[in-house]
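Work out the full structure, taking the sequences as your base and the hints as a guide.
There are 2 protein chains.
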Amino acid sequence: MNESEVEKTILDVAKRALAASHQLAALSTEQKNAALLRIADLLEAPETLPVLLEANERDLQTGASLGLSDAMLDRLRLTPQRIKGMIEGTRQVVDLEDPVGAILEQKTHKKGFSIEKVRVPIGVIGIIYESRPNVTIDCAVLCLKSGNSTILRGGREAFHSNMTLAAIIRRALEETGLPIDAIQLIPTVDRYALTVLMKLDEYVHCIIPRGGEGLIRFVSENARMPVIKHYKGVCNIYLDADAERQMSIKVTVNAKCQRPSVCNAAENLIVHKDVLQSIFPDVAKALKEEGVQLRVDDCAAETLEAFGGIPFTMATEEDYHTEYVDKIISIKTVDNLEEAITFVNTYGSGHSDAILTENEEAAARFQTEVDAATVYWNVSTRFTDGFEFGLGAEIGISTDKLHARGPMGLNELTTYKYLIRGHGEIK
Amino acid sequence: MNESEVEKTILDVAKRALAASHQLAALSTEQKNAALLRIADLLEAPETLPVLLEANERDLQTGASLGLSDAMLDRLRLTPQRIKGMIEGTRQVVDLEDPVGAILEQKTHKKGFSIEKVRVPIGVIGIIYESRPNVTIDCAVLCLKSGNSTILRGGREAFHSNMTLAAIIRRALEETGLPIDAIQLIPTVDRYALTVLMKLDEYVHCIIPRGGEGLIRFVSENARMPVIKHYKGVCNIYLDADAERQMSIKVTVNAKCQRPSVCNAAENLIVHKDVLQSIFPDVAKALKEEGVQLRVDDCAAETLEAFGGIPFTMATEEDYHTEYVDKIISIKTVDNLEEAITFVNTYGSGHSDAILTENEEAAARFQTEVDAATVYWNVSTRFTDGFEFGLGAEIGISTDKLHARGPMGLNELTTYKYLIRGHGEIK
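Taken in order, these protein sequences are the chains called A and B.
Okay, so the first sequence: first residue is 222 according to our numbering, each after it adds one.
Okay, so the second sequence: first residue is 222 according to our numbering, each after it adds one.
Treat the hints loosely; a few may be bogus.
Note that identical chains are pooled: a pair holds if it fits in a single copy or bridges any two copies.
Claimed, not checked - With a cut-off of at most 16 Å between alpha-carbon atoms, the simulated EDC-like pairs for lysine to aspartate or glutamate come out as follows: (1) K450 / E423; (2) K420 / E442; (3) K338 / D606; (4) K331 / D606; (5) K453 / E423; (6) K236 / E523; (7) K471 / E646; (8) K338 / E609; (9) K331 / E609; (10) K471 / E265.
Since the hints were derived computationally from the structure, they do not count as laboratory data.
Pasting the structure below:
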């Protein structure tokens, strides 16, 4: 396609998504659930598996020839097990409460008319993602349940897998009488398509980018519509002067090691100078035993040298900003609580931060002044997750502050409108 | 200032605003109210009036020499009465409930820790506005009460008035022990300052533009941070097949004529063909008697010609998109409810739309399918307003769908965070 063909194609996708969104907003829960169940059934049909695996094989071969890393290829791969995960995930969404139509507030104006604030779908949501084809199903079903049209833009490397999944979804929509344009995959891998999409704020109400830092930066710098970023997780653990020894070891090890590759794993450990020589060496030893590399500042280095037997390297300024997603942790010593809070607000990514302390006052101050989506007191940061928070689902974890913050479930995919009902009242 | 000086100045403003916002988030309601009362007292102090009027006079003289229209000069003018309005407005905000700290949700995780979702300030809010200097006070006090730092960027023509008002605010902050950088006016009228500010998404969390279409478009196309638009109000009234005659006349006249210059005044009247010859001529006559010009389509023209005595011109496509803010209304005839809904969703600005009908089913469908912040049934659109909706204040009316929709009060100037409190729980 040349540029003007891409423009025409994307404009057409966006217009049809908007028209479909007006129909979706009026659907009953039963109609939406019937479509979701049909998606699950079609994914489960015996004839689907070979088609999906074949499309995925084409992507894997292209990926290998493009020199994708093994980790990338693994994320790209569809297996019967992973497809089963999509099917189960879709059926779980059927069981979730429909957020649309919930009455959020209700009052009567003194002139007599009623004012109702009700939950409604956002409209058209663009999902821009990389690699993992399961995102196609995960995001589409959550957007559908919440009454939104979805425009999907997956990675170039997963194009055939995504096209096949999108075709299944659209067949399910058609078979259950829903507008097929409610879920569309952008039918070209041309990067210019993304540029065009990001200018269509008249038709697309929100973009959720899911992927690496580069993609998220590109989208938030160029999109005209609101963007809800799922940015990096630089999570901090602060060992306060009044931290308890065993809890400090247990929680820090869990936050760093239980699954280092996820966004709610800890990346920085901040240590109050009063516990640097008492508790910190035990924490450092436990981390070392789990195979964690330590990157430390001068004070911590001195302590570890005196303690002996724990290898470390010196931390750079850049380290404190880094989401390692690996068994590495940066250590920073502070003189007081205030310094710890400033450190978190400077280097953290506003995702999840924890204070470990027996001092209630220090905890309250940390929880008030740390500017993050989730602030923990004596609990591992690993719990930041839509399912753990009882949202029933998760389209991602917002590191933004507007519209949605932290784990995003179905409610976070909605907005509201005011409905006024009266009897001819005038001003 | 040259470009690099502007960049340095704006970066400095933004960094100081962010640092102040962390202090503001921890303030008690009493501390914030003390500062608000001090602002009101300083505005009321006898020595303030001449200083303010003198600064305003400089702006008026520059404005006149720049050839500003009388309407523009009137909006720019400060009078003792208008200053009194600011003082009263500020004192009213003292009496409003502090939104910060409200617990929105609370649950206990099965492992034992508590999860609390609490309301917190957004952080740093940029307000970009034109002409009216009272916006300086109105916005600053609402942002302060909700715990946000504010960066104000007023119009070039009101620079001296705004600088004087900002100095009063900052003196009040200082005298009551609050961080003075919580409220800052950009100290240059250079347009490049706006361009720089809009890129600083690391420090400024949200921009609210208040002004004409050109300004709003410029900001939403260029800002990297979320923008909550207060865009035009193209409000529609739909006379359904089952509309009641007297109510149709009364509500349409009120929606168009009670104050034509505001954003919730009606601009388009949609008429079902079944009432085109029965009710519409009476509505048209009543509008004519109020001095309203009619711009009509072919069907309405034919009807009015047969009826006689009501002047009209033909409507263009552009008319239906236009916010006249004047005594002009566009008329569109439709064959059915569906066509009316499509018209509203195509030409309306998502602000306020009304259906007039005795048919409950038609009303329900209109209210569900019209995609607007406020949808009325048998009530004038003129009620879309933070005070009428019981919000106690209004920083504007959002025509966006994300974060805040419709009238924005103090709650809409906040976000939330999750606070987790436990006893060493790990995953």
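Here's how the hints hold up against the structure:
| no. | hint | result |
| --- | --- | --- |
| 1 | K450 / E423 | between (20 Å within a copy, 13 Å between copies) |
| 2 | K420 / E442 | both (11 Å within a copy, 8 Å between copies) |
| 3 | K338 / D606 | between (28 Å within a copy, 14 Å between copies) |
| 4 | K331 / D606 | between (43 Å within a copy, 14 Å between copies) |
| 5 | K453 / E423 | between (29 Å within a copy, 14 Å between copies) |
| 6 | K236 / E523 | neither (63 Å within a copy, 33 Å between copies) |
| 7 | K471 / E646 | between (63 Å within a copy, 9 Å between copies) |
| 8 | K338 / E609 | between (28 Å within a copy, 14 Å between copies) |
| 9 | K331 / E609 | between (43 Å within a copy, 9 Å between copies) |
| 10 | K471 / E265 | neither (42 Å within a copy, 59 Å between copies) |
The structure is inconsistent with the numbered hints 6 and 10, although it conforms to all the rest.
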